[in-house]
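Peer 1: Protein sequence lines, in the order shown, are assigned to chains A and B. Heads up: the first sequence begins at 1 in the numbering used here, then just goes up one per residue. Heads up: the second sequence begins at 1 in the numbering used here, then just goes up one per residue.
In short, the hints are calculated from the structure, not lab data. The structure presented is a predicted model; accordingly, all values stated were derived computationally and were not measured. Please note that a few of the clues may not be correct.
Copies of the same chain look alike in the list, so a pair counts if it fits in one copy or across any two.
[Unchecked claim] Here are the simulated BS3-like pairs of lysine-lysine, each with C-alpha atoms no more than 27 Å apart in a straight line:
1. 125 <-> 185
2. 250 <-> 224
3. 125 <-> 224
4. 224 <-> 185
5. 250 <-> 216
6. 216 <-> 125
7. 250 <-> 464
There are 2 protein chains.
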Amino acid sequence: MKSLFQQDLRVVNVGLQGFADNIVSAGGVATNLSWAPPAGADAALGWTLANMVGDPRIEQANRIAYERYLAAQPRLVDLVLARDAMPALAERRILHAGPPIAWADMCGPQQGAICGAILYEGWAKTLEAAEAMAASGSVALEPCHAHGAVGPMAGIISPSMPVWEVENTAAGNRAFCNLNEGLGKVLRFGANSPEVLERLRWLGTEFFAAMRPAVKNLADANLKPLMAQALHMGDELHNRNAAASGLLFKRLTLSLLGCHLDSGVIQRVLAFVAGNDHFFLNISMAACKSMSDAAHGVPGSSLVTVMARNGVNFGIRLSGTGEQWFQAPANPIDGLYFPGYSIADAAADLGDSAITETNGLGGFAMAASPAIVQFVGGTPTDATENSRRMLSITLGSNPAFTLPALNFGGTPAGIDARLVADSGVLPIINTGIAHRRAGVGQIGAGITTAPMACFGGALAALAKTLPTLPGRAS
Amino acid sequence: MKSLFQQDLRVVNVGLQGFADNIVSAGGVATNLSWAPPAGADAALGWTLANMVGDPRIEQANRIAYERYLAAQPRLVDLVLARDAMPALAERRILHAGPPIAWADMCGPQQGAICGAILYEGWAKTLEAAEAMAASGSVALEPCHAHGAVGPMAGIISPSMPVWEVENTAAGNRAFCNLNEGLGKVLRFGANSPEVLERLRWLGTEFFAAMRPAVKNLADANLKPLMAQALHMGDELHNRNAAASGLLFKRLTLSLLGCHLDSGVIQRVLAFVAGNDHFFLNISMAACKSMSDAAHGVPGSSLVTVMARNGVNFGIRLSGTGEQWFQAPANPIDGLYFPGYSIADAAADLGDSAITETNGLGGFAMAASPAIVQFVGGTPTDATENSRRMLSITLGSNPAFTLPALNFGGTPAGIDARLVADSGVLPIINTGIAHRRAGVGQIGAGITTAPMACFGGALAALAKTLPTLPGRAS
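Extracted from the complex, chain A is given alone in its bound form (with noise of 0.2 Å):
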């Protein structure tokens, strides 16, 4: 000690940089850290977390789940109607994007959305009937999830609605979603007028028909690498699907074509999906619910395995909490809006489509996407940083998908609970924005994040799941 005063003093300074600005002021030398307490300075997480990190029975759980994500291989195998995919929905049952919630709860875009359904499925004959009908509980409201599907925006899947179905060839589980309509006034974004129903009908009709055989009949269904290769053509596969779209369309023309079917169906199923660049987004949501599907369900494992929005609550699961959700108020997004349209218009955040961010796609995989800053405000350097950033919260990367822009690094694959509440890095998603009246539709997109108090609340839950485990600590 007394040496020490003997010598030059050379500082590192840890967090607030005055203490350095002190020293360096005063003659010294310091280095200053940037820092701050993990946890976000809750002492009570910041306990569950030092207890949990670097335990083997977590670390060996997360090794499992990670594998398994990474082995994933969805392949389209089907377009089904939604009660012959999913047995609950052979009842009087809708499903919903994101968290459980209560119709009285939800936001007026899911509110308008599960109307629209109503009025589609022939259940009630006026807004107001359908309306009444979903207050009075007489039909399940359930989120997509509790199913084995996801749903973008509102994520609205009732009995007559065709879903993809993506199974994953590696563990054999599957998974589905609902179609994409397109943009302007469609169901998912809350709007339920006729010419939004008709669509719908014909979707489940028409287009239905001559869509199953060609999903049936494609040369090639493998989706891994149709995705890659779209995030090689500036694809996030969230906000900007038009390369896998594109992509897809080849193959479903080369299809449609082989089914022998009136020419006049082919041109108008064809021309619908020509127009509609945001056609794969929903078989991209498919491909990552199988995947991260695949790593859920591995006690121990605090591997991130779904983030959605139910317009109010933004919820999480983690592989090894099983069926729980892990809920807080959406954080606000920071988003380009549609001229007429300002924050003061907006939704919460909505949908099941983070399973991208989810799965490193999206908001994780911008470096992909240099261009969708044009969509979602930004420049493509903060792009490309947003996929450095995200890779410091995800067990590994992905080498099946690849970042051009990252010298072809992989994509932020695998989030760890445990990384978000220990360095405050919070996953990024890449979303539209929703009128917050039904009817209304999108408004904008933007860049928003997933909340803090979620990966708290799931790191609590697990850490009382360990004392079953077994092995322990080290």
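Here the structure of chain A is known, so what remains is to put chain B in place on it, guided by the hints.
Peer 2: Leaving out everything else, chain B in the frame of chain A:
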């Protein structure tokens, strides 16, 4: 002078670093400027250049040429047989890539492709007879560029081949390019086996008959927006055309389905287009030819309107020097070779496809296409730097073609031969590599440059025209 030596030395050193180093080591301060003599220290060219820089006649001519280039609106208007498109092909004539060259001087792939075209036309029955016919001079061999056309690699166009017809609707000029046959053994790489000729015959008959009405029936035949979109999807529109080919596939499909054709024909035609990610290249080239042709023929302009290679020489043309070619031996290609091949197997740089670089695409637009480095070599950072460097030798940037990675700045637009000679920065070209023997085909791809001697020669010729122009140097 006396006071100078009483002050502290503050030196700016131009050129060799060594002089600055000496001053610094003696305790002085020196700023070193990286500098090299203009015109590669070629005194004659240096004087020519000195007299041309800032010449208001050249500046004014370049402004006119540049505006015509930017104003061009290429539109895909037809697919026609070459003999109906170009009067010169009513006779027994074959067009080839690059500047004029005699049969005996041609490289292997170009000779091989010409023999293939003679067989395709039925002018000879055997390869030996075709070769004898070509050597005898009884078939006229002329550059594509002499007839408003372009062709990739060997660039062979014979009378019975279909050619794309692109009209620049802003000025009414038209340009032509042959069809892309796909990869592997194809005529443009000098292959001429029965399978190559069989494919050409199918392209000239069934494909041509089906595609012609589809082209004329296109709902949107404008190429500039399509190309701009492809630049946002990872294409540079020379060696990567996957996005543009996909966008065109969509348009052609919808058009073909409206043409009341046999469904088997439609299937075969669309399968061919879908299977070739370079399908759009030849349309990109015709579009480029129509854009830079619009800028051609402005007296006094130093704008480069053609860069093309015949497998021996590289040739350029300037807007202000009419039909003259300025040639030099092609520079070597720094490339990636397919397994089993090396630079020893490579033909010299070949093809009219450098018309894409002449128009600010290809190597000039590599910032749009980080993934292309897997094909031509280098890193994504190199790709971006290439685009930045090319901006130093162009008159401006093209607002119609933006590069996300350069924060949506335009592609380098309008190569000024003066800027090339002054800076020594050579136009960069992405290119395929053909085997030097006829019939083998493509063996790799890489990056090369236009030789400096072309620009020196062109500027010397342009200088001779200046006294004939109205106005005087200031």
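Peer 1: Hint by hint, note whether the structure agrees.
Peer 2: Hints and how they fare:
Proximity of residue 125 and residue 185 under a CA criterion of 27 Å is satisfied intra-copy only: 20 Å inside one chain copy versus 63 Å between copies. For the identical chains of this complex, residue 250 and residue 224 are neighbours both inside a copy (16 Å) and across copies (22 Å), given an alpha-carbon limit of 27 Å. Within a single copy, residue 125 and residue 224 get their C-alpha atoms no closer than 42 Å, and across copies no closer than 49 Å, so neither meets the 27 Å cut-off. Within a single copy, residue 224 and residue 185 get their C-alpha atoms no closer than 31 Å, and across copies no closer than 30 Å, so neither meets the 27 Å cut-off.
Taking the shortest Cα distances, residue 250 and residue 216 sit within 27 Å of each other both inside one copy (15 Å) and across copies (21 Å). Neither within a single protomer nor between protomers do residue 216 and residue 125 lie at most 27 Å apart by alpha-carbon distance, with minima of 35 Å and 47 Å respectively. In this homomeric assembly, residue 250 and residue 464 never come within 27 Å of each other (Cα to Cα): the closest approach is 50 Å inside a single copy and 54 Å across copies.
Going through the hint list in order, the structure does not satisfy hints 3, 4, 6 and 7.
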